[in-house]
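Just so you know, the protein sequences line up as chains R and X, in that order. Quick note on this note's numbering: the first sequence kicks off at 1 and runs consecutively. Quick note on this note's numbering: the second sequence kicks off at 1 and runs consecutively.
No wet-lab data here; the hints were simulated from the structure. Among the hints, a few may not be true.
Because identical chains share one entry, a pair is satisfied inside a single copy or across any pair of copies.
[Stated by the list, open to error] When the alpha-carbon atoms are kept at most 25 Å apart in a straight line, the in silico BS3-like pairs for lysine-lysine are as follows: (1) Lys296 with Lys12; (2) Lys242 with Lys283; (3) Lys393 with Lys12; (4) Lys283 with Lys143; (5) Lys296 with Lys329; (6) Lys329 with Lys242; (7) Lys283 with Lys156; (8) Lys243 with Lys374; (9) Lys143 with Lys374; (10) Lys156 with Lys243; (11) Lys243 with Lys393; (12) Lys286 with Lys156; (13) Lys156 with Lys374; (14) Lys143 with Lys296.
2 protein chains.
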Amino acid sequence: MLTVITPQEARKIIFDRFMPLYTPTESVALADALGRSLYDDIVSDEYVPGFNRSTVDGYAVVASDTFGCSESIPAVLELRGEVLMGESARYTLTPGNCVAVSTGGDLPEGADAVVMLERCEVYGERLIGVTSPIAPGNNIIYKGDDVSPGEMVLLKGTCVSPRDIGILAALGRSRINVRPKPTVAVISSGDELVDTQQTPERGQIRDVNAPMLEALIINSGATSINYGIIRDDENALRRIVKKAVGECDAVLLSGGSSAGTRDLTARVVGSEGEILFHGIAMKPGKPTILGAIDGKPFFGLPGHPVAAYFVAELFIRPLIARMMGSETKQRTVTSRISETLSSNHGRAEFVAVVLSDDGASATPIRGKSGLITKLAHSDGYICVPRDSEGVAKGALVTVTYWD
Amino acid sequence: MLTVITPQEARKIIFDRFMPLYTPTESVALADALGRSLYDDIVSDEYVPGFNRSTVDGYAVVASDTFGCSESIPAVLELRGEVLMGESARYTLTPGNCVAVSTGGDLPEGADAVVMLERCEVYGERLIGVTSPIAPGNNIIYKGDDVSPGEMVLLKGTCVSPRDIGILAALGRSRINVRPKPTVAVISSGDELVDTQQTPERGQIRDVNAPMLEALIINSGATSINYGIIRDDENALRRIVKKAVGECDAVLLSGGSSAGTRDLTARVVGSEGEILFHGIAMKPGKPTILGAIDGKPFFGLPGHPVAAYFVAELFIRPLIARMMGSETKQRTVTSRISETLSSNHGRAEFVAVVLSDDGASATPIRGKSGLITKLAHSDGYICVPRDSEGVAKGALVTVTYWD
Chain R
1 MLTVITPQEA
11 RKIIFDRFMP
21 LYTPTESVAL
31 ADALGRSLYD
41 DIVSDEYVPG
51 FNRSTVDGYA
61 VVASDTFGCS
71 ESIPAVLELR
81 GEVLMGESAR
91 YTLTPGNCVA
101 VSTGGDLPEG
111 ADAVVMLERC
121 EVYGERLIGV
131 TSPIAPGNNI
141 IYKGDDVSPG
151 EMVLLKGTCV
161 SPRDIGILAA
171 LGRSRINVRP
181 KPTVAVISSG
191 DELVDTQQTP
201 ERGQIRDVNA
211 PMLEALIINS
221 GATSINYGII
231 RDDENALRRI
241 VKKAVGECDA
251 VLLSGGSSAG
261 TRDLTARVVG
271 SEGEILFHGI
281 AMKPGKPTIL
291 GAIDGKPFFG
301 LPGHPVAAYF
311 VAELFIRPLI
321 ARMMGSETKQ
331 RTVTSRISET
341 LSSNHGRAEF
351 VAVVLSDDGA
361 SATPIRGKSG
371 LITKLAHSDG
381 YICVPRDSEG
391 VAKGALVTVT
401 YWD
Chain X
1 MLTVITPQEA
11 RKIIFDRFMP
21 LYTPTESVAL
31 ADALGRSLYD
41 DIVSDEYVPG
51 FNRSTVDGYA
61 VVASDTFGCS
71 ESIPAVLELR
81 GEVLMGESAR
91 YTLTPGNCVA
101 VSTGGDLPEG
111 ADAVVMLERC
121 EVYGERLIGV
131 TSPIAPGNNI
141 IYKGDDVSPG
151 EMVLLKGTCV
161 SPRDIGILAA
171 LGRSRINVRP
181 KPTVAVISSG
191 DELVDTQQTP
201 ERGQIRDVNA
211 PMLEALIINS
221 GATSINYGII
231 RDDENALRRI
241 VKKAVGECDA
251 VLLSGGSSAG
261 TRDLTARVVG
271 SEGEILFHGI
281 AMKPGKPTIL
291 GAIDGKPFFG
301 LPGHPVAAYF
311 VAELFIRPLI
321 ARMMGSETKQ
331 RTVTSRISET
341 LSSNHGRAEF
351 VAVVLSDDGA
361 SATPIRGKSG
371 LITKLAHSDG
381 YICVPRDSEG
391 VAKGALVTVT
401 YWD
């Protein structure tokens, strides 16, 4: 008997029950940290920038020297030299003087503003005229404006983006502690399944779920091990599940299209571990089993590829993120539905949609469960809540982008 | 003198000028096709599914046998046997008979509907009662419902998603022709730059752009070669640019914070190839150079990390996609800006924003150009068009998600 729970309840059980992996941290070179999950908070131990810098090409001045100047009565300053890029300013500026400085150059002691070249006139080698007054602090980035010592810069669990790589480089972190990637087992079951390479006979179909789930696992930042296709046989199933639980951090078994296999899966999980739920009140994806074996998550996924894919996006991607001490961040857009979707009773319905170029219109993909081509052409999905009256054509819907 | 063009014009020049790489195709295993760009259109040469399948557990019937039946007057049918999973149905159904079939099982010849188990009563080994009439075609997926021979399934240039892997598996494609990854050179220039590993002296800063740009290149599906930091010297610059152009498909040179270096870069590109534009009317990112050397794109990027990052997101990511025969797909959300942004004159302004959890509110990240930590914490960016009056607090804005 299915103990059916809502998608929200299912997610809560997953999050309450399974913890980040506390296996040893992995130290990787900065470049290899891209897409990995930070093991530690990154706290700065430096000032960035490490010195006061000009943000323009111009002349470092004492701002008060320029007060009241204009194009007709420029402030005339004596040029004491130039700050070279990559060197500290060797001058201490005093009133009446200025020093040439490039964008990013070190600001001399005593200077409190930089006048852009465009607002200066050159009267020969040693005399500069400033044609517009400047306020103290203008055109300067101060030491520590970006980061100061002790400042929290990136939180542990952050999935490292190219922008984060930029920060880590700025802080001089050439090696980064990241969480190990979880290893997720993929098993396909069903007497009707054959490998991608094989030509199916009548009654047989190629195994779509294993390659697709492996891609989703890798896409989520984990690694996968494929245990192949097993037949609908309790002993074979039990053997492969035990092996996978022993070797991996999580196990996905897809298939069990037939009622017999579903019962078989439940029996094996129930005896080897514990069933946490059996059935989610959603469409597609209802016949989903979650179990725990040796403290590790076990998912029994529907055999239909579209159903398996929705369950993987909604529950397994977040589970993998959690195992890496991270969280998935959903990207959504508000759009108008182009067709009326009729109501569904008692089950949240997830519908793939194609977005118009500007994202303003979402066309639902119709079709019988299992039509994988239709899914691939979609941009994301919407959820029609359980017990709703459906969604009327033109209504606003929240589309969650895939990936 | 800068010939400043708009971001739209810049993008058009990039797209008109640079073509997909027509180097030989690369054949990869299905699992390795994830994230790669398809070299060919994928046209099905098979039916998916290859046979008529039941979508439920139940009994295959001749639908007309059930017309008029009810719970009180069930239609009584003779059970002829069972279709086993993975085998073709060995029965040809005639009126008055039925055959047991599981979800995904082969539909016997002669059957035109499948009655769910829940709508049947079992009267012993050979007799089944159907308690509710069924229409022809119900609970069946027909041969070719998903794909038929000759049907275009995926377009060349598609960046392969886990869902696409699913389709390719369904069609039996175990090896896939993909476009080669472009190789992009990354060069940093500036006398003030030191490596990530080094502790900068006063006046020096760590090179942020090279690691960040390399991460963005990899994230875009290409590979990168880092040519290190070169000093502001025309001969050194010329040598490294020629080497990079010889070895790579595109070259990025970042730096040139000082006016002298910018001139130097323009001189080298102008003499080794052709300058296509020098300066984009955008903030940040104005001092960007695009050139062509030996027909290959050369980008001179601003030294400020934030400016370099915006130019890379807006122009280099699409360029890499184009070189792979693909297109970047921007993901956007409409949100309300939480603060007034003042107008800017003559330049499109790109502002990074942090989205609220529901995406309804976008808070602009303020700060001087070059503050890389602020950028990393943002979710995406908005564009304040040139010559606009700015954006008033609460106004609707289109946020483009990063990556």
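Practice task
Give me the numbers of the hints this structure contradicts, sorted from smallest to largest.
Solution key: 2, 3, 6, 7, 8, 10, 11, 12, 14
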